[in-house]
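> In order, the protein sequences belong to chains E and X. Those letters in the first sequence? Residues 7 to 422, by the numbering used here. Those letters in the second sequence? Residues 7 to 422, by the numbering used here.
Treat the hints with care, since some could be wrong.
Heads up, the list lumps identical chains together, so a pair's fine if it works in one copy or across two of them.
In the DSS-like style, the derived pairs of lysine-lysine whose C-alpha atoms are separated by at most 30 Å in a straight line are [to be verified]:
no.: 1; residue 1: K56; residue 2: K187
no.: 2; residue 1: K331; residue 2: K122
no.: 3; residue 1: K187; residue 2: K372
no.: 4; residue 1: K278; residue 2: K372
no.: 5; residue 1: K385; residue 2: K278
no.: 6; residue 1: K278; residue 2: K316
no.: 7; residue 1: K205; residue 2: K122
Read the hints as simulated data drawn from the structure, not as lab findings.
2 protein chains.
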Amino acid sequence: MKIGILTIGNELISGRTADANASFIAREVNQEGWSVEAILSVGDDFAKIKDRLNYLLSMTDAVICTGGLGPTADDITSAAIAAAFGLPLYTDENVLSYIKEIFAKYNLRWIENNAKQAMFPQGARVIANPVGTAAGFFLKPEGKLIFVIPGVPGEARRMLTEGVLPVLREHFPQGQLHVAKQTIKTFGLSEAAVDDALKNIDFNSLGVSVGFYPVFPENHLVIISREKTPAEARDKLKKAQDEITARLKRNIFHYGDKMLEEVVAGNLLEKKLTLAVAESCTGGLIASRLTDVPGSSDFLERGFVTYSNKAKMELLGVPAAILEKHGAVSEETARLMAEGARQNAQTDLGLASTGIAGPTGGSQEKPVGTVYLALADAKNTICRHFAFRWDRRRNKLVFSEAALMLLFDYLSSAEK
Amino acid sequence: MKIGILTIGNELISGRTADANASFIAREVNQEGWSVEAILSVGDDFAKIKDRLNYLLSMTDAVICTGGLGPTADDITSAAIAAAFGLPLYTDENVLSYIKEIFAKYNLRWIENNAKQAMFPQGARVIANPVGTAAGFFLKPEGKLIFVIPGVPGEARRMLTEGVLPVLREHFPQGQLHVAKQTIKTFGLSEAAVDDALKNIDFNSLGVSVGFYPVFPENHLVIISREKTPAEARDKLKKAQDEITARLKRNIFHYGDKMLEEVVAGNLLEKKLTLAVAESCTGGLIASRLTDVPGSSDFLERGFVTYSNKAKMELLGVPAAILEKHGAVSEETARLMAEGARQNAQTDLGLASTGIAGPTGGSQEKPVGTVYLALADAKNTICRHFAFRWDRRRNKLVFSEAALMLLFDYLSSAEK
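Turn these sequences into a full structure, and let the hints guide you.
Shown next, in the form of structure tokens:
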């Protein structure tokens, strides 16, 4: 099946806002096994919306539109699409009462404009909006399918998954199949290396498709199976997942949609372990990522950003002699920082980073991108050394990722 | 003048990568006073590239294409565009030697494939790539202009500004005018409030246009003037800038492209002041933003992430009685944290945050989004209180922004 995506809004063609929906929709559509013929963005202009929609319909079986469903004067998507097929607009009384209820609930003043959000082209079926007032709809003119959902990304995503994809699956033969999907998140291998590690897996005969999605500094894999029954689909997915796991085990940190910091936070909470962080080159980023997770105050006791040598000595007890002999960026310093953080905070674990984020500060022996990461518990301290080669911001990000991965590996191996 | 944007690449229509170029190009085009008729994305497919290009040309004076200029087999943009106009490809010897030089310089193995990057449609004019091997080109078929530049965002941006816009200006009457542009960055007012504050400025009679670009949690304004001479353009721009400054003075932190942390870092370095940071609710984000700036080790002595009350007491000397009486989220605690950080680090300044990022931990009196920010110097401590209402991540971001703004205001007023 061929799909077109039409994103509507003056903010898109003025460059005021980057399109946050097209890429997400394209990805979901591809994962269903359908192809995206074109993505088109157009302003809130009656004639142009009609023209661009007709162009997309000329090459596709279905078009998914986003945007222009708000209550204000420039929101004209429903009217333009109705006009494209010579349809009048009607008011859906259920949607109208739903919107009025929301206004009452939040004590908002009702303006008659808002009734516009309950108007749809004759013959349209409403797509409910579980997270906002702008309902969507779909139409079936001339054997084609047209979907219209709001441009607000959080609403568009929910409604695509819950309101659009199920209808598409129903209308197209392939749609009779059950779809099972799994995201596998990895860190520490380049995309080429992931590709190489998986090259002997015959995904076709396993009956699954696989997609690669780099999200710096991670690489995500999405495997998908489509089978007659949910059990078959899950079964095939499981086999493919096992094959991938056998090859990438050391680099996989999650099966699903969580972020690395969420996974690590969950593991710490589950094991009831407390943590202190001592950061030099990451400058607070490790602590900031961990505190992005709700409930992190239950495991993160404190953090130190010991940017100066003086701070490393005073707060973490790193001896001046060590800093002088081995340097602030060294395995010795990293280990003492992790141990010092742990002792100072009286936590179960201490995690430390020291390195050179750049752009200056590198040397022949320790170039920009060098980092030492250490993790201390009551008995041992482990240390890892890496040499990355990104710019300052990305070096900080990949340093923090490698530090969280060190913690992840420690917590995982402790399980065994 | 009407412009179309065509972004080319399988990664775009598969949803593997979000389009990073279209929005930037649209913004630059709009700022020149031209309009974007449509943005279209298509895969690396010979026939489809031709079709989509012709469609865009049917409604525009010029089309800017990105992507598909690499050396690999799926990079077919130049060939597809040549074919669209029945033009043969030729090899540009200057570009070929330039690419070979780059390979020699970086000791890369030459593969004959790479010669493809020196091939252009007959009649094309080369657009130099100052930051990569993929040169771009432009064509003038049938009175229209077609530009092709690489999809790598860093390269696309440079080449748009240096290679595409000057040619467009030359070819269109309006292009005879000199363009002067200024970005004005604000924090602390909603977009509607900014709009309201500026409503009495008659930008038309001042001879400038103004654009609004929200970049959470900031609002950026871009003012543009087009005049016969650079001096006139600068002069009009200056007058409009003065009008805006008179109305938004307290909320403007920068005229130009720097980030708030860069501005603050620059001010600290210029005044030779050192800083220590004590963070509770921001969890390391203030320190991380400041350490994103190269050279931050010259002013950031250390940072504390005092997530627990124990850490606030031990590291910053906040008395237990204060925490008990006023709570960790209070003006009293914020002030003592800032003073404690400053004393512990022996720095000129101490900056502190304490608040409730959410989603839990709020109360009637101190709801989620409440934050106290304090700044201490040798003589005084100042404190600000805010009540935001975002989700956890955005609360952290806006808390850190308000903290940096407090520091910015302090450093600016010290100038007087």
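> Tell me, please, which holds for K56 and K187 at an alpha-carbon limit of 30 Å: within, between, both or neither?
neither (35 Å within a copy, 35 Å between copies)
> When no copy is named, should K205 and K122 be tagged within, between, both, or neither for a Cα gap of at most 30 Å?
between (54 Å within a copy, 28 Å between copies)
> Within a copy, between copies, both or neither: where do K278 and K372 come within 30 Å Cα-Cα?
between (37 Å within a copy, 29 Å between copies)
> Pop the pair K331 and K122 into one bin, within, between, both or neither, using alpha-carbon distances up to 30 Å.
Neither, since 73 Å and 52 Å both go past 30 Å.
> Check K385 against K278 for me: Cα-Cα at most 30 Å, and say if that holds within a copy, between copies, both or neither.
Within. Shortest intra-copy distance 17 Å satisfies the 30 Å Cα cut-off; inter-copy 43 Å does not.
> At most 30 Å between CA atoms: does that hold for K187 and K372 within a copy, between copies, both, or neither?
For K187 and K372, the Cα distance exceeds 30 Å both inside one copy (43 Å) and across copies (42 Å).
> I want to check one pair: K278 and K316. Are their C-alpha atoms no more than 30 Å apart within a copy, between two copies, both, or neither?
Answer is between: at 18 Å across copies they meet the 30 Å cutoff, but 32 Å inside does not.
Of the numbered hints stated above, those contradicted by the structure are hints 1, 2, 3, listed in ascending order.
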